[in-house]
Amino acid sequence: KAGVTQTPRYLIKTRGQQVTLSCSPISGHRSVSWYQQTPGQGLQFLFEYFSETQRNKGNFPGRFSGRQFSNSRSEMNVSTLELGDSALYLCASSLDIYRGGDTEAFFGQGTRLTVV
Amino acid sequence: AQSVTQLGSHVSVSEGALVLLRCNYSSSVPPYLFWYVQYPNQGLQLLLKYTSAATLVKGINGFEAEFKKSETSFHLTKPSAHMSDAAEYFCAVSDLGGTSYGKLTFGQGTILTVHP
Numbered sequence: 001k002a003g004v005t006q007t008p009r010y011l012i013k014t015r016g017q018q019v020t021l022s023c024s025p026i027s028g029h030r031s032v033s034w035y036q037q038t039p040g041q042g043l044q045f046l047f048e049y050f051s052e053t054q055r056n057k058g059n060f061p062g063r064f065s066g067r068q069f070s071n072s073r074s075e076m077n078v079s080t081l082e083l084g085d086s087a088l089y090l091c092a093s094s095l096d097i098y099r100g101g102d103t104e105a106f107f108g109q110g111t112r113l114t115v116v
Numbered sequence: 001a002q003s004v005t006q007l008g009s010h011v012s013v014s015e016g017a018l019v020l021l022r023c024n025y026s027s028s029v030p031p032y033l034f035w036y037v038q039y040p041n042q043g044l045q046l047l048l049k050y051t052s053a054a055t056l057v058k059g060i061n062g063f064e065a066e067f068k069k070s071e072t073s074f075h076l077t078k079p080s081a082h083m084s085d086a087a088e089y090f091c092a093v094s095d096l097g098g099t100s101y102g103k104l105t106f107g108q109g110t111i112l113t114v115h116p
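In order, the protein sequence lines correspond to chains U and D. Under our numbering, the first residue of the first sequence is numbered 1, with each subsequent residue one higher. Under our numbering, the first residue of the second sequence is numbered 1, with each subsequent residue one higher.
Do not take every clue at face value.
Unchecked claim - Here are a few chain U residues that sit away from chain D, every Cβ distance over 10 Å (derived from the structure):
#1 Ala-2
#2 Gly-16
#3 Glu-52
#4 Leu-81
#5 Thr-114
Said to hold, decoys possible - Facing chain U, from chain D, some residues (calculated, C-beta under 10 Å):
#6 Phe-34
#7 Asn-41
#8 Gly-43
#9 Leu-46
#10 Thr-105
#11 Gly-107
#12 Gln-108
Said to hold, decoys possible - Some chain D residues judged to face chain U by a derived CB distance under 8 Å, without partners named:
#13 Leu-44
#14 Lys-49
#15 Ala-87
#16 Phe-90
#17 Lys-103
#18 Leu-104
#19 Phe-106
#20 Thr-110
It is worth saying that the hints were derived from the structure and are not from the lab. The beta-carbon is built from N, C-alpha and C at its ideal position, and this holds for glycine as well.
My request is simple: use the sequences and hints to build the entire structure.
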């Protein structure tokens, strides 16, 4: 069974540009969550999608957005990039993490975004 | 609101020694608790989870954790450290039945170093 796939693994962008990151969940998983990981702030929740609907959103500016497609694949977009957006962006998929511990969240290897 | 505090950002042990990584949580509803491990440039891998069943939870790679409601703790232990255990460990909490769809709240992480 294939795991969670995130593409690309590495990205370098310039301030002011926008970027789109992709996440393919494990087959059959309908919940996809996104996290930002930085040395200073640690792991912070961005948003969660289930069946193409955003169910929850973290405390990030509107420059951060996402969507989920009918096949459960998800993308996140960051517009007008800032230096502080440099981070490891992790995607996690689960059957339905709202069920809490009944289902496990499986993480991808992440996309390392560097903004210069 | 949920929160997680990991005591000690760095823990160093000798190979064969006991590993103890501390985690305290705060949650207004019965929590689900998790321990994840992250190797450099990798995603997160679930070590174990507490889902209101047995308070002593056994996970992969010889790790276990005990849920203590009175102490609001969920410390991670391993009787004998191995060099391959060197990594960063994250404690996380999720609520059950709340509105935190898809959201895991993570601690700041503990880097475990294992000396030969």
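Status of the hints after comparison with the structure:
The beta carbon of Ala-2 of chain U is kept farther than 10 Å from every beta carbon of chain D, the shortest such distance being approximately 14 Å. Its beta-carbon lying about 27 Å from the closest one in chain D, Gly-16 of chain U satisfies the requirement of being farther than 10 Å from that chain. For Glu-52 of chain U, the condition that its CB be more than 10 Å from all CB atoms of chain D holds, with the nearest at approximately 14 Å. The beta carbon of Leu-81 of chain U is kept farther than 10 Å from every beta carbon of chain D, the shortest such distance being approximately 21 Å.
Every C-beta of chain D lies more than 10 Å from that of Thr-114 of chain U, the closest at about 13 Å, which supports listing it as non-interface. Taking 10 Å as the C-beta cut-off, the interface hint given for Phe-34 of chain D holds, the closest approach to chain U being about 8 Å. Hint status for Asn-41 of chain D relative to chain U: holds, with the closest Cβ pair at about 7 Å, below 10 Å. For Gly-43 of chain D, the interface hint holds, since its Cβ comes within 10 Å of a Cβ in chain U; the closest pair sits about 4 Å apart.
The interface hint given for Leu-46 of chain D is met, as the beta carbon of that residue sits about 6 Å from the closest beta carbon of chain U, less than 10 Å. Residue-level restraint check for Thr-105 of chain D holds (minimum Cβ-Cβ distance to chain U is 7 Å; threshold 10 Å). Restraint check, Gly-107 of chain D versus chain U: the minimum CB separation of about 8 Å is within 10 Å; hint holds. Restraint check, Gln-108 of chain D versus chain U: the minimum CB separation of about 5 Å is within 10 Å; hint holds.
This hint holds: Leu-44 of chain D has a C-beta 4 Å from the nearest C-beta of chain U, less than the 8 Å allowed. The restraint placing Lys-49 of chain D at the interface with chain U holds, with a minimum CB-CB distance near 5 Å, inside the 8 Å limit. Hint status for Ala-87 of chain D: violated, given a least beta-carbon distance of 14 Å to chain U, over 8 Å. Interface hint status for Phe-90 of chain D: upheld, as the beta-carbon distance to the closest one in chain U is roughly 7 Å, under 8 Å.
The interface hint given for Lys-103 of chain D holds, since its Cβ lies 5 Å from the closest Cβ of chain U, which is under the 8 Å cut-off. Hint status for Leu-104 of chain D: holds, given a least beta-carbon distance of 7 Å to chain U, under 8 Å. For Phe-106 of chain D, the interface hint holds, the least distance from its beta-carbon to any beta-carbon of chain U being 4 Å, beneath 8 Å. Given the 8 Å rule on beta carbons, the hint for Thr-110 of chain D is violated: about 11 Å separates it from the nearest Cβ of chain U.
Hints 15 and 20, counting from the list given before, are not met by this structure.
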